[in-house]
Amino acid sequence: MTLSSDDCEEPTYASESAAAIITMVFQHTENGAFHSQILECFMSLKRNVIKDVLSIIAYGPPSAKSPAAHLLFYYWPQLNPALSDRRGIHYKYCAMEFPAWPAILCQRKGCINEGNCQAVKMCINPALAIHSGDSPPPLYICSDCAQTLKKDHGGYMVDLLMPMPHVSSVCENKNCKSSQNIAVCTCFSIDCASFNSNRPIRYCSSCHERRHGSNGSINHIYHTSIIDIWSCSPELQRYLMDAIVSLLKEATPIGTKKDG
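Start counting the sequence shown at 0; every next residue gets the next number (numbering that gives the first Met the number 0).
Note that these hints are calculated values from the structure, not bench results. These numbers come from a predicted model, not from an experiment.
Quick list of in silico lysine-lysine cross-link-like pairs, DSS-like style, CA-CA up to 27 Å: (1) 50 / 248; (2) 150 / 108; (3) 108 / 149.
Please model the entire structure based on the sequences and the hints provided.
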């Protein structure tokens, strides 16, 4: 599945299908790495993915609600105040801990690292892909191969985002000087991710305003938590309330647990 971002704020058929695609992945595989991979993919392409996750919890099938609820609190930890004092939240699901989705290795034939190095670039030139193992594009290449091919194929190369091994609860900006360094935003744009080894980076409110405010990169794709439900759009308010009701229906009464 190949997806791309065109920086368009208007709803499109592709963006409006996000919840359905995520639901299918959650519903038909129990592999937590795939769950985090599909969600991070959409989080790098569109804003307000939290609305899609809440709609899955509110109206999705039972098999998709559970991973959606776990990942909601994983990628938006501010929704659970009990996690605010942790330095990072690792992905746990059904009492089991899953690793982050595996990074793609270099696929170029003749790679000096023998294909054992993480890919950092994606090349969409079909001719290069065919000459590198007779495989269809795109071709994923490591930094060493990217330097070798940059002169002739640099125009076809796109930076890759690495998986998030954990979600930091504090600002990851190395130059952060704020006394309130609790992370409130995750930026998936490569301009910011390049400061964090090409991984999505977490910012505190001060760094977020500096990077994405009126004087910053306003076109970056970033995700913030729900600070105040009353400041949300009516659609998001409805999804949030219906998600809470849906989870309450799935919950086991406390008295039942004690009796068991």
